[in-house]
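J.: Each chain, written out:
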Amino acid sequence: MSESMIRKELVAASAEPLVLSLLANGESYGYAIIREIKARSSHELQWTDGMLYPVLHRMERKGWIQSHWVESETGRKRKYYSLKERGKKAQREHRDQWLKVHAVLAGLWEGKHV
Amino acid sequence: MFDLDQAIADWRRQMAHQGITDPDVLDELESHLRDVFEELVQWGLNPQEALEAAVRQMGQAESLTVEFKRAHGRIRALVRRLKSFALGFVCVPMPPVDRLSQSAREVLRSARAEPSRFNHDFLGTEHLLLGLMKSETGTVRSILQSFGVDREVITREIAKIVGIGSAHDPTMAIPYTPRAKKALHLATREATAMHHTHVRPEHILLGLLLESGGVAALVLKRLGVPIQGVRDAIRNVWSDQDAN
Numbered sequence: 001m002s003e004s005m006i007r008k009e010l011v012a013a014s015a016e017p018l019v020l021s022l023l024a025n026g027e028s029y030g031y032a033i034i035r036e037i038k039a040r041s042s043h044e045l046q047w048t049d050g051m052l053y054p055v056l057h058r059m060e061r062k063g064w065i066q067s068h069w070v071e072s073e074t075g076r077k078r079k080y081y082s083l084k085e086r087g088k089k090a091q092r093e094h095r096d097q098w099l100k101v102h103a104v105l106a107g108l109w110e111g112k113h114v
Numbered sequence: 115m116f117d118l119d120q121a122i123a124d125w126r127r128q129m130a131h132q133g134i135t136d137p138d139v140l141d142e143l144e145s146h147l148r149d150v151f152e153e154l155v156q157w158g159l160n161p162q163e164a165l166e167a168a169v170r171q172m173g174q175a176e177s178l179t180v181e182f183k184r185a186h187g188r189i190r191a192l193v194r195r196l197k198s199f200a201l202g203f204v205c206v207p208m209p210p211v212d213r214l215s216q217s218a219r220e221v222l223r224s225a226r227a228e229p230s231r232f233n234h235d236f237l238g239t240e241h242l243l244l245g246l247m248k249s250e251t252g253t254v255r256s257i258l259q260s261f262g263v264d265r266e267v268i269t270r271e272i273a274k275i276v277g278i279g280s281a282h283d284p285t286m287a288i289p290y291t292p293r294a295k296k297a298l299h300l301a302t303r304e305a306t307a308m309h310h311t312h313v314r315p316e317h318i319l320l321g322l323l324l325e326s327g328g329v330a331a332l333v334l335k336r337l338g339v340p341i342q343g344v345r346d347a348i349r350n351v352w353s354d355q356d357a358n
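Protein sequences, first through last, are from chains W and S. Quick note: the first sequence uses our numbering, first residue 1, plus one each step. Quick note: the second sequence uses our numbering, first residue 115, plus one each step.
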């Protein structure tokens with residue numbers, strides 16, 4: 001089972017582009033973001049839930065995202081994050097870089113059985 | 115009877131004691147914890163199991179603290195804290211009783227009454243600080259009052275940062291936290307550095323300020339009490355005492 005778990009360097013490197021790209025689809029809050037990452041990766045991206053928050057706070061300090069508290073009807077409060085203009089730019093840059101790296105790797109693997 | 119709110123308050127206290135003290139961050143983590151808890155209850159776990167599993171899923175505060183400090187860019191402070199944190203978990207011995215002055219011993223005795231006021235089941239740097247404020251000699255109290263800080267203000271700040279615990283068993287002995295022991299160790303070092311035979315309450319105050327990862331240091335920082343200002347004030351008090 002551990003072969004299918006993605007190594008932590010990749011998990012760390014993909015954190016920002018993942019969160020930025022998810023937020024590009026609309027504002028969200030921590031728990032929902034983690035849930036979606038886990039679902040989309042079929043749980044192969046193993047995040048310790050709490051680890052998401054330093055990532056979010058760092059990006060907020062960089063001015064890429066902003067947050068506001070929302071109170072639900074049941075009285076539960078959740079901190080929602082959304083992309084700012086600078087964040088959209090950062091998200092595009094992340095995407096370009098990932099695609100470049102992917103292109104080089106895919107070229108090496110093309111046609112070869114690995 | 116499992117009380118979710120009390121269990122969560124206990125979890126917040128633990129997080130604060132392991133270094134995540136910003137109330138806003140704690141609120142956000144708590145909100146996440148509650149969401150995970152609700153999901154696990156829907157999966158069929160009973161409330162107590164669900165909360166334990168949710169806490170495990172959130173992750174250990176130690177690793178989170180490292181990540182938070184990295185995210186907030188204070189690398190040097192991080193290294194310092196890791197060192198003192200690690201040192202705190204190597205068994206730091208309490209200073210020998212005969213090294214403590216009468217008033218310092220009295221401070222430690224007063225401090226023991228503090229945790230129960232908050233339903234805390236440990237004696238941390240914040241309780242030592244409150245013990246200092248009750249000291250009969252009053253040196254520390256006057257120094258801190260000159261910076262506009264009194265016992266009430268300190269108590270409120272502690273409650274804000276660490277919170278009130280769930281009901282506490284008065285028959286259980288209350289252990290010192292590693293940081294509290296470390297602060298007393300630093301206090302002893304200060305006394306030695308000043309060539310003082312006995313550790314006085316003022317050394318304990320310095321020890322609390324130097325143990326920057328402790329709640330007491332955080333409280334004093336948030337209340338705007340400057341370390342250098344306190345050192346100068348203590349030095350003045352001592353030179354007055356020596357002159358007399």
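If you're looking for bench data, these hints aren't it; they were derived computationally from the structure. Remember, it's a predicted structure, so these values are computed and weren't measured experimentally. In this text, a Cβ means the ideal position worked out from N, Cα and C, and glycines have one as well. Check each hint, because a few of them may be wrong.
[Stated by the list, open to error] Lysine to aspartate or glutamate pairs mimicking EDC-like chemistry, simulated, CA-CA at most 16 Å apart:
1) S:Lys274 <-> S:Glu152
2) W:Lys77 <-> S:Glu144
3) W:Lys88 <-> W:Glu9
4) W:Lys77 <-> S:Asp138
5) S:Lys335 <-> S:Glu250
6) W:Lys79 <-> S:Glu144
7) S:Lys274 <-> S:Glu144
8) W:Lys88 <-> W:Glu60
9) W:Lys88 <-> W:Glu16
10) W:Lys38 <-> S:Glu153
11) W:Lys79 <-> S:Asp136
12) W:Lys79 <-> W:Glu60
13) W:Lys62 <-> W:Glu93
14) W:Lys89 <-> W:Glu110
15) W:Lys62 <-> W:Glu16
16) W:Lys38 <-> W:Glu73
17) W:Lys77 <-> S:Asp119
18) S:Lys274 <-> S:Asp149
19) S:Lys248 <-> S:Glu266
20) W:Lys79 <-> S:Asp141
21) W:Lys84 <-> W:Glu60
22) S:Lys248 <-> S:Glu220
23) W:Lys79 <-> S:Asp138
24) S:Lys274 <-> S:Asp141
25) W:Lys77 <-> S:Asp264
26) W:Lys79 <-> S:Glu271
27) W:Lys89 <-> W:Glu36
28) S:Lys248 <-> S:Asp235
29) W:Lys77 <-> S:Glu152
30) W:Lys79 <-> W:Glu27
31) W:Lys62 <-> W:Glu85
32) S:Lys335 <-> S:Glu153
33) W:Lys77 <-> S:Asp141
34) W:Lys84 <-> W:Glu9
35) S:Lys335 <-> S:Asp264
36) W:Lys84 <-> W:Glu16
[Said to hold, decoys possible] Residues of chain S placed beyond 12 Å of chain W at every Cβ, according to the derived structure:
37) Phe116
38) Gln120
39) Ser145
40) His146
J.: All hints are to be evaluated individually against the structure, with a verdict given for each.
T.: Going through the hints against the structure:
1. Restraint check for S:Lys274 and S:Glu152: the C-alpha separation of about 26 Å exceeds 16 Å, so the hint is violated.
2. Proposed proximity of W:Lys77 and S:Glu144 is supported: the alpha carbons are some 10 Å apart, at most 16 Å.
3. Restraint check: the Cα-Cα separation between W:Lys88 and W:Glu9 comes to about 24 Å, which exceeds 16 Å; the hinted pair is violated.
4. Taking the CA atoms of W:Lys77 and S:Asp138, the gap is about 12 Å. The hint holds against a cut of 16 Å.
5. Straight-line distance between C-alpha atoms of S:Lys335 and S:Glu250 comes to about 25 Å, which puts the hinted pair past the 16 Å bound.
6. As the CA atoms of W:Lys79 and S:Glu144 are separated by approximately 11 Å, the hinted pair is consistent with the 16 Å bound.
7. Distance restraint check for S:Lys274 and S:Glu144: the Cα-Cα separation of roughly 15 Å lies within the 16 Å cut-off, and the hinted pair is therefore satisfied.
8. For a cut-off of 16 Å, the pair hint linking W:Lys88 to W:Glu60 stands: about 13 Å separates their Cα positions.
9. For the hint pairing W:Lys88 with W:Glu16, the CA-to-CA distance comes to about 12 Å; that is within 16 Å, so the pair holds.
10. Distance restraint check for W:Lys38 and S:Glu153: the Cα-Cα separation of roughly 14 Å lies within the 16 Å cut-off, and the hinted pair is therefore satisfied.
11. At most 16 Å may separate the alpha-carbon atoms for a hinted pair to count; W:Lys79 and S:Asp136 meet this at roughly 15 Å.
12. In summary, the hint linking W:Lys79 to W:Glu60 is supported, as the alpha carbons are separated by about 12 Å, within the 16 Å threshold.
13. Pair hint W:Lys62 plus W:Glu93 holds up; C-alpha atoms about 15 Å apart against a cutoff of 16 Å.
14. Annotation: proposed proximity of W:Lys89 to W:Glu110 is violated, straight-line Cα distance about 31 Å (limit 16 Å).
15. Distance check on the hinted pair: W:Lys62 and W:Glu16 sit about 12 Å apart at the alpha-carbon level, within 16 Å; holds.
16. With a C-alpha separation of about 27 Å, the suggested pairing of W:Lys38 with W:Glu73 is violated against the 16 Å cut-off.
17. A hinted pair counts as satisfied when its Cα atoms are at most 16 Å apart, and W:Lys77 with S:Asp119 qualifies at roughly 15 Å.
18. A C-alpha spacing of about 23 Å is found between S:Lys274 and S:Asp149, which places the hinted pair above 16 Å, so the restraint is violated.
19. Between S:Lys248 and S:Glu266, the direct Cα distance comes to roughly 11 Å. Compliance with the 16 Å bound is thereby established for this hinted pair.
20. The straight-line distance between the Cα atoms of W:Lys79 and S:Asp141 is roughly 9 Å, inside the 16 Å bound, and the hint therefore holds.
21. Our distance criterion of 16 Å between C-alpha atoms is met by W:Lys84 and W:Glu60, whose separation comes to about 9 Å.
22. At most 16 Å may separate the alpha-carbon atoms for a hinted pair to count; S:Lys248 and S:Glu220 meet this at roughly 9 Å.
23. The hinted pair formed by W:Lys79 and S:Asp138 meets the criterion: a straight-line CA distance of about 10 Å does not exceed 16 Å.
24. Only pairs whose Cα atoms come within 16 Å are accepted, and S:Lys274 paired with S:Asp141 is accepted, the gap being roughly 12 Å.
25. As the CA atoms of W:Lys77 and S:Asp264 are separated by approximately 34 Å, the hinted pair breaks the 16 Å bound.
26. Between W:Lys79 and S:Glu271 the alpha-carbon distance is near 24 Å, which puts this suggested pair outside the 16 Å criterion.
27. Distance restraint check for W:Lys89 and W:Glu36: the Cα-Cα separation of roughly 22 Å exceeds the 16 Å cut-off, and the hinted pair is therefore not satisfied.
28. For the given pair, S:Lys248 sits about 20 Å from S:Asp235 by alpha-carbon distance, which is inconsistent with the 16 Å threshold.
29. A hinted pair counts as satisfied when its Cα atoms are at most 16 Å apart, and W:Lys77 with S:Glu152 qualifies at roughly 14 Å.
30. Restraint check for W:Lys79 and W:Glu27: the C-alpha separation of about 10 Å stays at or below 16 Å, so the hint holds.
31. A C-alpha spacing of about 12 Å is found between W:Lys62 and W:Glu85, which places the hinted pair at or below 16 Å, so the restraint holds.
32. The hinted pair formed by S:Lys335 and S:Glu153 fails the criterion: a straight-line CA distance of about 39 Å is larger than 16 Å.
33. Taking the CA atoms of W:Lys77 and S:Asp141, the gap is about 9 Å. The hint holds against a cut of 16 Å.
34. Our distance criterion of 16 Å between C-alpha atoms is broken by W:Lys84 and W:Glu9, whose separation comes to about 27 Å.
35. A threshold of 16 Å between alpha carbons decides the hint, and for S:Lys335 with S:Asp264 the separation of about 14 Å falls inside it, so the pair holds.
36. Proposed proximity of W:Lys84 and W:Glu16 is supported: the alpha carbons are some 14 Å apart, at most 16 Å.
37. Residue placement check: S:Phe116 keeps its beta carbon more than 12 Å from all beta carbons of chain W (closest about 19 Å).
38. The claim that S:Gln120 is not at the interface with chain W holds, since no C-beta of that chain comes within 12 Å of its own (minimum 18 Å).
39. The non-interface label for S:Ser145 is inconsistent with chain W: the shortest C-beta to C-beta separation is roughly 5 Å, within 12 Å.
40. Listed as a non-interface residue, S:His146 fails to keep its Cβ farther than 12 Å from every Cβ of chain W; the least gap is roughly 5 Å.
The structure fails to meet hints 1, 3, 5, 14, 16, 18, 25, 26, 27, 28, 32, 34, 39, 40 from the earlier list, while all remaining hints are met.
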